[in-house]
Amino acid sequence: MENLALVTGGAKSGKSRFAEGLVRAMGAQPIYIATAEALDEEMSHRIAAHLLQRGPGWHTVEEPLDLCGALQRTDGRGPRLVDCLTLWLSNLMMQDLDIDAALADLSQTLKAQTSPVVMVTNEVGSGIVPDNALARAYRDSCGAMNQRIGAVVDRIDLVVCGHPLRVK
Amino acid sequence: MENLALVTGGAKSGKSRFAEGLVRAMGAQPIYIATAEALDEEMSHRIAAHLLQRGPGWHTVEEPLDLCGALQRTDGRGPRLVDCLTLWLSNLMMQDLDIDAALADLSQTLKAQTSPVVMVTNEVGSGIVPDNALARAYRDSCGAMNQRIGAVVDRIDLVVCGHPLRVK
Amino acid sequence: MENLALVTGGAKSGKSRFAEGLVRAMGAQPIYIATAEALDEEMSHRIAAHLLQRGPGWHTVEEPLDLCGALQRTDGRGPRLVDCLTLWLSNLMMQDLDIDAALADLSQTLKAQTSPVVMVTNEVGSGIVPDNALARAYRDSCGAMNQRIGAVVDRIDLVVCGHPLRVK
Numbered sequence: 001m002e003n004l005a006l007v008t009g010g011a012k013s014g015k016s017r018f019a020e021g022l023v024r025a026m027g028a029q030p031i032y033i034a035t036a037e038a039l040d041e042e043m044s045h046r047i048a049a050h051l052l053q054r055g056p057g058w059h060t061v062e063e064p065l066d067l068c069g070a071l072q073r074t075d076g077r078g079p080r081l082v083d084c085l086t087l088w089l090s091n092l093m094m095q096d097l098d099i100d101a102a103l104a105d106l107s108q109t110l111k112a113q114t115s116p117v118v119m120v121t122n123e124v125g126s127g128i129v130p131d132n133a134l135a136r137a138y139r140d141s142c143g144a145m146n147q148r149i150g151a152v153v154d155r156i157d158l159v160v161c162g163h164p165l166r167v168k
Numbered sequence: 001m002e003n004l005a006l007v008t009g010g011a012k013s014g015k016s017r018f019a020e021g022l023v024r025a026m027g028a029q030p031i032y033i034a035t036a037e038a039l040d041e042e043m044s045h046r047i048a049a050h051l052l053q054r055g056p057g058w059h060t061v062e063e064p065l066d067l068c069g070a071l072q073r074t075d076g077r078g079p080r081l082v083d084c085l086t087l088w089l090s091n092l093m094m095q096d097l098d099i100d101a102a103l104a105d106l107s108q109t110l111k112a113q114t115s116p117v118v119m120v121t122n123e124v125g126s127g128i129v130p131d132n133a134l135a136r137a138y139r140d141s142c143g144a145m146n147q148r149i150g151a152v153v154d155r156i157d158l159v160v161c162g163h164p165l166r167v168k
Numbered sequence: 001m002e003n004l005a006l007v008t009g010g011a012k013s014g015k016s017r018f019a020e021g022l023v024r025a026m027g028a029q030p031i032y033i034a035t036a037e038a039l040d041e042e043m044s045h046r047i048a049a050h051l052l053q054r055g056p057g058w059h060t061v062e063e064p065l066d067l068c069g070a071l072q073r074t075d076g077r078g079p080r081l082v083d084c085l086t087l088w089l090s091n092l093m094m095q096d097l098d099i100d101a102a103l104a105d106l107s108q109t110l111k112a113q114t115s116p117v118v119m120v121t122n123e124v125g126s127g128i129v130p131d132n133a134l135a136r137a138y139r140d141s142c143g144a145m146n147q148r149i150g151a152v153v154d155r156i157d158l159v160v161c162g163h164p165l166r167v168k
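Each protein sequence line maps, in turn, to chains A, B and C.
For what it's worth, UniProt numbering labels the leading residue of the first sequence as 1, then goes sequentially.
For what it's worth, UniProt numbering labels the leading residue of the second sequence as 1, then goes sequentially.
For what it's worth, UniProt numbering labels the leading residue of the third sequence as 1, then goes sequentially.
Treat the hints with care, since some could be wrong.
[Said to hold, decoys possible] Heads up, simulated DSS-like pairs for lysine-lysine below, C-alpha to C-alpha not over 30 Å straight-line:
(1) C:168 <-> A:168
(2) A:168 <-> B:12
(3) B:12 <-> C:111
These are computed hints drawn from the structure, not numbers from a lab.
Okay, chain A solo, but in the shape it has when bound (with noise of 0.2 Å):
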């Protein structure tokens, strides 16, 4: 059975309504783990419009730094969806935590849940190297992040103009 999916794809190519779709067929009461805090309108104005595009049925669980605690409360209780990794990755770096423990940690948490949890990711690694250090650095951890956790799941789509491409 497919426990673990990682669905990825590039800004607004659809991945958060594949991802949807994926956590509403493996199984009833589904919760959605938030990893967006809404520090200003930009991002308040995208957590909002995600709100309306999942629709009611939905327990929602804000969790924007301890994932790996947010999927052991949740485990047995629904299929979980994750939206997304690439802002919780971000999160950790702006806090300055030690990423490679917590992507050890969460491939550790992952295999041990019970219940499905589907993660979007993003991809940001292919358009043209950034000038500055920063965003070099926080795309190269997005692309490590994404083969580190790619290995751990059952599957992976990559959402192209609203349609999946199975990767794995």
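Take the given structure of chain A and dock chains B and C to it, following the hints.
Below, chains B and C alone, put in the same frame as chain A:
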């Protein structure tokens, strides 16, 4: 029958060449609907290079804004190649026109076409998040457009290194 | 038999690791043709990380510019991994060399190889259009190179989250 197709990919991935092949296979007397305007030398050079690549036998229609009108006027006269949707969207945004209404119109117009339409679009959302808000808005709009048109067409191809990956 | 392969993907997508696996499967005594030069600390760090990842058993040839020469000198001695074409292109551009002639030479040289060659390249054209003309020229040249080499090889893989999508 596949009457409507969307071809996407990165810059210089071979999208246009692949789309031209699709259109030629769909019937004689192909029509090229160009959304680009030769506003500067670089753009003139790109337009000339595309013209050379297509070779003879194409009827060219230039239409930077009223894409629905161009489709309606050319329906029944041959298969159409629209190159490209992202430039059209950029033209609409520069004129401050209603994107949502334009996409609704385009979806309706496409569904009513009797001759084939192949549209070229671009992947612009797989790099690092842009610094400036206008670029973020543009890449979000491109993504939303690709999802919306992707829902209407019969097939979607992602072109990578000159070769198509069938998405839909 | 698949003698020539092109492996593409975004930054840190797992391209090199996948390409290394392909080369190892193609024969004993693999040869690593490195196009990178350790011009600064960040690049030295990246080169060292790739070296560690490959592990022992590779013969390394450093060749930032004369890739055709390196291929000719190593033919018949084992399968080759070229990592990567985009850095090679960037080296050519920095020396103001003729890109078109270099790509024609490379295509001819590749067709004449008797031992396998796996080449790593990068997707750099799926972000927002860059502000500066040099970056636009570079991403156009990368795309054109990927199309041209993509036409010569027997297989193309797009690596996403560490996993390959077969393109050709």
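Agreement of residue 168 of chain C and residue 168 of chain A with the hint, judged by alpha carbon distance not exceeding 30 Å: Holds - the C-alpha atoms of residue 168 of chain A and residue 168 of chain C are around 17 Å apart, at most 30 Å.
Given pair status - residue 111 of chain C, residue 12 of chain B, alpha carbons within 30 Å: holds (23 Å)
Distance restraint between residue 168 of chain A and residue 12 of chain B, which requires alpha-carbon spacing of 30 Å or less: holds (27 Å)
Figure legend: structure checked against the earlier numbered hints; every hint is met.
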